[in-house]
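Colleague: Sequence:
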Amino acid sequence: MSNLPCFAFVQLDTHQRTQETMYRLRRQIREVIGTEKVVKKTFVEEQNLLGEDLESVLDGALQSKAPEDGQNLITYAAAQGRDVWFLFIAGKIRSKIGVRALAKELRELDIDRAPLLFNAAASRGETSCFRTAHDLVYKALGKGGLIEQLEAVDGEGRTMLMHAARSNDGNAFDEIVGIYSKAVPLTSSDYTAKDRKGMNCLHHAAEAGCSEVLGKVIKKYSDAGGSSYAERDNNNRTPVMYVLSDATRDVRAGDSLLKKFTLLYSNMPTTCGKQDEKVSVDPGEHAKEGWMEMTDVLTQRIQISKSHEITRKARGVTELMHAARGGLGSLELALNEPLPSSRLADGSISLDIALNVKACDEAASDKPRWEPQPAWGKGLLLAAAAERGDIDVLHIVLTAIQDGVFTKKPNADRFTLRRHEGRRAGLPFGENVKTVVREMSKGGKSLFSQAILSGRTVAVEHVYLLIVKLFGETDPETWAILTGIDLLSGKVAEASPLACAASASMEPSDHGSKMFDLVYSYLQTHAPNEEELLIQLVPKPPHYEPKTTISPLVGAAFSSNWVLFWRVYDTYTTLAKKPWLRTNVSQPNRRGGARKDTVSASPIVPWCLAAPELTLALAFCSSICLRVPNAG
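In the numbering used here, the protein residues as written are 1 to 632.
In short, the hints are calculated from the structure, not lab data.
All C-beta atoms in this analysis are idealised placements derived from N, C-alpha and C, irrespective of residue type, glycine included.
List time: in silico SDA-like cross-link candidates among lysine to any residue, alpha-carbon distance up to 25 Å:
{"#": "1", "residue 1": "514", "residue 2": "456"}
{"#": "2", "residue 1": "40", "residue 2": "96"}
{"#": "3", "residue 1": "409", "residue 2": "432"}
{"#": "4", "residue 1": "469", "residue 2": "530"}
Have a look at the derived ranges for each label pair, beta carbon to beta carbon:
{"#": "5", "residue 1": "344", "residue 2": "225", "range": "38 to 46 Å"}
{"#": "6", "residue 1": "55", "residue 2": "337", "range": "52 to 60 Å"}
{"#": "7", "residue 1": "98", "residue 2": "228", "range": "45 to 53 Å"}
{"#": "8", "residue 1": "185", "residue 2": "370", "range": "42 to 50 Å"}
{"#": "9", "residue 1": "155", "residue 2": "411", "range": "52 to 60 Å"}
Use the sequences and the hints to build the structure in full.
Modeller: Right under this line is the structure:
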């Protein structure tokens, strides 16, 4: 930090303290449930940690927004369903900063431009505080301010009704619909209307609502004339796929997951009027309409030569991929309702047939020739499992990849997947797994980076050991697989492993530094030389690469994670044994074609414009340029 001007250091230090305080208070809102007395005691303890000389930091924390969701503390309390915390924070803002400040905080929008009442309606807490939030908004902002929030449409095109469908409380859903219908007269089309992602209320309830809310939405959806329970959104996802993905990852959701799946699956019409799994259907089809049907998947990248690449359109069955992303419970549900043609005589499930991934060079032609791509399909499944970061799911998926099948326990009628401590000893590996990991790398998918994005260090450790076992300690391919480099073309992934690690939120107690240090230590072990390691800190894409590679510094700045911002900076200067050069922070933006002497030439600046607090990062970068005027 010695290169920073004094004013910039003070600003950054204050901003970092404010963020840390805000995240500590968010943690307390989540974990401390009790009376006003308990909440007040917790708040005083946080206040004492700062001391009287840093009272302004506490004031700033009360009004700060978390970069990952754009929620201030009062909105976060509403989203968590914490009535006591919600009213306590509102009271603190009013008494410490003023009535106008409270009104401003109540009007603030989150990262999706959703108002406070939208977040209260979509609460994932055990209880809802929508009524409390509703009454305070009415009292502080008046009827006009209340109606403005009820009638709003957020940046994703979602209405209050869509957010209510994401609620974790059936009674709250009824109350919200009642209040909303008085302000905005409901029509039959409101339950079937779609947002900008093509999602209707059914998709939203499937993704985030509890089973009770989903049941209510299904009824209203049917009454409104909704015709398909397998309707796809713009990403080709059905409501069942959203259930399997289990985006909430709620520890209490195991039973709800089964109920939600059953509600939707039972309401899907059969293609031939029968419910029997053994009913005769064409190969690749299922008795349930909309279940495990072919859809588009991630395009496959094929490198013909060092300078020539083709992209092949791909399609396949994605339910197992969504289930792997959802966890053990989701995977078990999907395996017990597979494609009939994928179930073998012994009851096991053929992985290739269940995924059924195919690719085509000329998909737009009259007679496209779709060719099976089993390795790419397994790679997509493995990427989904790594993204979840669950060791048990990874173990089951890797075993299926190695064996080619999902196998039941002896004499079992259904698949039953349970957690097993023995799996933590190491992930299964073999030639089949090696082929799939290699195929992922060629296609632009990094298994290592996917594990990093899960945010779970145990998953990163296991995936790293798996890669080393597959490709060896010293083989150049190990370095290529870890860093996402294609050996044939030399192309690098758009986001390096260090960029993924540096893009973490400051919310964890270690602010993400443990993950960054772990990833860096692995890369240090396998880097061919220091220059290659430096490139991971300051990526230099090949001249023919059309995209600007995201650097770790940009990732940390975009996440407003000042701890990792400094960690990246200090790591580079220590390794390079020189200050950070101007060219490291002002590489030309290849997309925009801007001149290097313009503001838009810096990869950090666009993120600063999107998030005003990141202008401090720009001040830091400018100070480097001033310190090293002839660099670059």
